[in-house]
Amino acid sequence: MSAAGGSLPRYILIRLMLVVPMMWVLLTLVFLLLRVAPGDPVTAAVGDKLDADALEARRAALGLDRPLVVQYLEYLGNVVRLDFGTTISDRRPVLDIIVNQGGATLTLTIGAFLFALAIGIPLGLLAGRFRDTAADAGIRVYGIVAYAAPIFWVGLMLVLLVVKLFPSWPTYDIASSETKYYVPDRTGIILLDAILANDSVSVVDILQHHVLPCFTLGLLLSGVIVRLVRVNVIQTLGDDYVEAARARGIPGGRVLRKHAFRNALVPVITVVGLQFALTLSGAILTEKTFNWPGLGAELVQYVTARDYIAVQGLVTFFALAVVLVSVAVDILNALVDPRVRY
Amino acid sequence: MRFLHTIWHTKGLARYLFWTGVVLTLVFVVLALFAHWIAPYDFAERRVDGVRFPASEGPSAEHLLGTNDQSYDILSRLIWGARTALQVVFGAVIMSAVIGVPLGLFSGFVGGWFDRVTVFLMDALYSFPSLLLAIVFSFMLRDVLGGSIVAAALSLTAIYIPQYFRVVRNTTVSARESTYVEAARAIGAPPRTIMGRYLFGNVVQSVPVIGTLNAADALSTLAALGFLGLGIQPTEASEWGYDLSRALDNVAAGDFASAFWPGLAIILFITALTLVGEGLNETLNPTLRRRRLQKVTFGPRPSREEAIR
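Top line first, the protein sequences correspond to chains B and R.
The numbering of the first sequence is our numbering, which starts it at 1 and goes up by one.
The numbering of the second sequence is our numbering, which starts it at 1 and goes up by one.
One side only, chain B facing chain R, incomplete, derived with CB under 10 Å: (1) VAL163; (2) THR289; (3) SER326.
In short, the hints are calculated from the structure, not lab data.
All C-beta atoms, glycine included, are put in the ideal place defined by N, C-alpha and C.
Between the sequences and the hints, there should be enough to build the whole structure, so can you do that?
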């Protein structure tokens, strides 16, 4: 970028400054998509329950009768103050939904990533090392199928299997009803609450509930990781420095471990972060499949209820999350890989 | 058809995977085109001669894959589902290419503030989770178009426009300053001609690869929308994702068939398209391709006199 290039603080500063315009564009996009669209929010949500006067009053109360520009500015102002609006259909503040339901989505995705890395990295290394062998062919097909298989179908098949083999294993929801009753709500993340309450029975119960959904979502992500790691290994194995290491007489196994694999894994951090969008899509589907009480399930429910404000609020929140994660990934990547900092 | 030649001379698995994908895709296309001849029943048919089909029955001579909980014939719905999938995916991919390619070409060629704004918008759209975008679009279009095939195709279109835009725009930007474009400019070709005749042919080459991979992705997004109950309405067409959402209620009771088959169809179709796309990519992209060793045949050895001469 300049002669002073390579300075990490500078890179981070520039990256952080870009957050504002990125968020602004996404927010504008969300607003335009949902507000300029044909149809009236109030009629769509409660049109069949109220008469014309009551609808008009509702519209005025929500400020929907004012010019679009005013509504737009107000929307931006509210988002800055973390006010995502109040749902039309059941009058819940969207922020409450996010706080109460977000934890379930968070633990679901974290668990999924752990499964994905544990499956994806070894398979990818193997396929890249033994390129064009039967092992490679098998792993590549796995990578494609894991990505191609609809996550909800994989979930359904796993449920069928588990119901048959371990009839007592939980196949839906985040915790049994007793656990939900006994664990006090403090952080919004039920697993954390159970740990804080020092309630080992509940912790085990919650973890058991996590296994199936996290594994399902993890399989989807592992497909991406396998393909990425494989290509990276193939590319690094052809790089000059690997050749040079071999030429110096370093044993093959050591070249693989110390030189090729280590560098092949660096981009995984970025790509794992970039998979956030995919993870979010996958989480919405996983939540529906396993009746998981997370944000995705809420979104789907409000879309079905045709609640504009709720949908707008939740989508806005997802958009902000996407931007923040992408920035975090970029900064993390710059810390790990000096070449990124130009 | 030069690329077929290239594929033939590519080394390794890529070739076999590609042809497997092509054959599988053709099977689905045939099923889709001739669904009304191949499928034993209509997708919304559940009685023949006034006798209602049994519900959730195992395979029989009348129903080769059994029936689901609403007494529809599973096999028929599978075959009709191929038609729906093909219609939606084809529509979405064509529409997004038709919008994305010219936009990318124009934006890359004219540059300036228009380019910058469009790139920014497209990047924003691209960074959005695709399923979320599809949900928002189907939410919006519900009031206007209902849960029709057209609405589903339109909901998917917006997701894929940025991909064509990015690739075409970046190729255009790098090709804009190349010698042949400069030459065209020198002989007085107007921008329209430069874009249409010189740049288009060069930037359009990556479109088949993106198109096939997008088709695979569109298929899974369509099924996902259907599964969430936000896609094509069951009265409009047979859709695999919707059938799976119905199966969700019965899976705990061990209803295997109505969950298994639609999912398998989705996987096979997506895998087929992915194999074709990856095969194309791996053979058309010179950095990934490894050529097969060609057999070299020498002519008859020249006689001594000829060699001296």
